[in-house]
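*Asks:* Chains as they are written, first to last, in my numbering: chain A, 6 to 258; chain B, 6 to 258.
Hints are supplied without guarantee of correctness; some may be wrong.
[What the hints assert, rightly or not] Here are the computed lysine-lysine pairs in the DSS-like style, where the Cα-Cα straight-line distance is at most 27 Å:
1) A:67 <-> B:67
2) A:69 <-> B:67
3) B:93 <-> B:69
4) B:69 <-> B:171
5) A:9 <-> A:93
6) B:93 <-> A:69
7) A:69 <-> B:69
8) B:9 <-> B:67
9) A:93 <-> B:171
10) B:9 <-> B:69
11) A:171 <-> A:69
12) B:69 <-> A:67
Simulated from the structure, these hints should not be mistaken for lab results.
Number of protein chains: 2
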Amino acid sequence: MTAKVVNACVLIIGNEILSGRTQDTNLRDIANTLGGWGIRVAEARVIPDEESVIVPTVREVKAKYDYVFTTGGIGPTHDDITAMCIAKAFEVPLVEHEGIANLIRSRSQDASEAVLASRLRMAMVPEGGGLVDNPGGPPGFRMENVYVLAGIPSVMRDMLAGLKGKLETGDQVFSASVKAYVTESSVAAGLGTLQSELPNVDIGSYPFRDAGGYGTRLVVRGTDQSVLDDLCDRIRALVRASGGALADEASSE
Amino acid sequence: MTAKVVNACVLIIGNEILSGRTQDTNLRDIANTLGGWGIRVAEARVIPDEESVIVPTVREVKAKYDYVFTTGGIGPTHDDITAMCIAKAFEVPLVEHEGIANLIRSRSQDASEAVLASRLRMAMVPEGGGLVDNPGGPPGFRMENVYVLAGIPSVMRDMLAGLKGKLETGDQVFSASVKAYVTESSVAAGLGTLQSELPNVDIGSYPFRDAGGYGTRLVVRGTDQSVLDDLCDRIRALVRASGGALADEASSE
């Protein structure tokens with residue numbers, strides 16, 4: 006049985022991530038949320054707030070993946086150029102969205118003309134774009150298969166949560182893991198054999214060190230939970246046969 | 006005066022990052038370390054442990070950037086395919102490096118044949134590759150401008166630290182910031198004017214919320230510290246003129 010795969014690319018747009026100033030957490034949040042819905046993040050890119058990079062990158066990945074999710078660059082300041090770049094990538098004009106503009110005006114009664122003008126930048130969306138709800142502020146937008154989310158993690162999460170049930174999804178990928186105090190090299194040959202036998206399952210090996218010493222976490226991922234459970238049993242047997250100790254039981258994630 | 010720019014691309018190789026299971030921290034560490042040496046991370050990509058993705062990606066970015074740093078996929082298990090993929094990207098064979106192999110053999114006196122064979126996978130490097138020291142284990146390698154580092158953060162940091170003084174570097178980028186309780190839209194027009202005046206400085210605006218309320222952190226980056234200091238003074242004046250409150254003084258990072 007072939008799994009139905011729907012994939013996505015995440016574009017983290019922001020100089021502050023590339024400079025090392027800010028630790029990105031949006032990729033992990035998006036991957037976990039989409040993964041739970043049956044959409045696999047197949048690639049992520051972190052790119053600067055530069056039109057000459059954003060436009061060709063969006064063009065490339067929107068053609069390559071089922072979905073693209075961007076984060077960052079949708080505020081009211083000069084460095085917020087995501088909407089303009091998406092419009093260029095799709096070769097459509099950037100237009101004021103009446104609904105967003107009215108929402109911003111209704112919340113800006115006390116604002117000066119200059120402040121209102123800055124806020125109205127957030128109402129500019131590529132022509133033909135749809136809205137992405139944002140419970141805490143002006144909506145984001147989507148243009149065909151590209152969803153434009155905020156960079157602030159809490160706002161991004163709210164916007165993403167609102168997309169639940171609105172996206173095409175594939176088979177969900179489940180995972181299970183075995184934590185063992187064993188060196189990777191002791192189980193490497195056995196794991197390789199298991200992987201060859203089960204090409205539809207992804208077996209990953211991740212060394213760690215904790216209070217109990219050096220060990221390896223073996224993570225299995227696939228669309229059939231019963232296959233994963235059987236595989237974890239075989240991995241536990243492999244660990245024991247290799248002289249390793251099991252740290253705990255497999256945990257489904 | 007034009008700044009001398011040396012740039013880099015970071016490739017985070019690992020399904021565990023794309024699945025959302027593991028939070029990557031290597032990008033931030035690499036960006037901070039390289040930034041301190043005068044090398045700018047211009048792009049980062051997170052890609053899966055798949056030859057069909059790794060090989061073309063390495064080919065593309067090694068031609069596009071001065072340096073490429075990869076993390077992940079250099080252990081002894083079946084899912085560690087980075088070295089093989091780098092060899093393919095450079096169209097050279099993967100060969101056993103005598104120095105690494107001898108080091109592994111000397112540390113594997115008690116190991117079985119099978120375990121030794123798995124460990125010796127870590128001695129396979131692309132023909133013509135140089136070594137990257139690893140104080141805690143088998144060395145990584147570099148192939149022309151591509152540096153192959155471990156995925157485990159502590160090991161990655163040790164390997165990267167060992168490259169200090171061995172890389173071509175450009176002008177260092179400094180940063181300074183002003184934290185203010187002011188909305189982005191209140192200062193947006195003024196910031197845009199400052200950015201137009203100073204095209205060689207990068208002015209970023211990052212909204213936040215903390216115990217003091219909603220605010221904006223204005224971060225300036227450039228190669229001339231005195232320009233940044235002057236700019237921070239002007240940003241503080243802009244915040245005050247916009248009715249905002251300064252949360253603290255500019256801090257150099």
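*Asks:* Does each hint fit the structure? Answer for all of them.
*Replies:* Here is what the structure says about each hint:
With a C-alpha separation of about 23 Å, the suggested pair residue 67 of chain A and residue 67 of chain B falls inside the 27 Å cut-off, and the hint holds. Our distance criterion of 27 Å between C-alpha atoms is met by residue 69 of chain A and residue 67 of chain B, whose separation comes to about 21 Å. For the proposed pair residue 93 of chain B and residue 69 of chain B, the alpha carbon gap of about 18 Å is at most 27 Å, so the pair holds. Of the supplied pair hints, the one linking residue 69 of chain B and residue 171 of chain B holds, its CA atoms being roughly 21 Å apart against a limit of 27 Å.
Restraint check for residue 9 of chain A and residue 93 of chain A: the C-alpha separation of about 32 Å exceeds 27 Å, so the hint is violated. For a cut-off of 27 Å, the pair hint linking residue 93 of chain B to residue 69 of chain A stands: about 23 Å separates their Cα positions. Annotation: proposed proximity of residue 69 of chain A to residue 69 of chain B holds, straight-line Cα distance about 20 Å (limit 27 Å). Taken as a hint, the residue 9 of chain B and residue 67 of chain B pair is honoured in the structure, with Cα atoms around 19 Å apart against an allowance of 27 Å.
Proximity of residue 93 of chain A to residue 171 of chain B is assessed by CA-CA distance (about 41 Å); at most 27 Å being required, the pair is judged violated. In summary, the hint linking residue 9 of chain B to residue 69 of chain B is supported, as the alpha carbons are separated by about 17 Å, within the 27 Å threshold. With a C-alpha separation of about 21 Å, the suggested pairing of residue 171 of chain A with residue 69 of chain A holds against the 27 Å cut-off. Distance hint between residue 69 of chain B and residue 67 of chain A is fulfilled; the C-alpha atoms sit about 21 Å from each other, no more than 27 Å.
The structure is inconsistent with the numbered hints 5, 9, although it conforms to all the rest.
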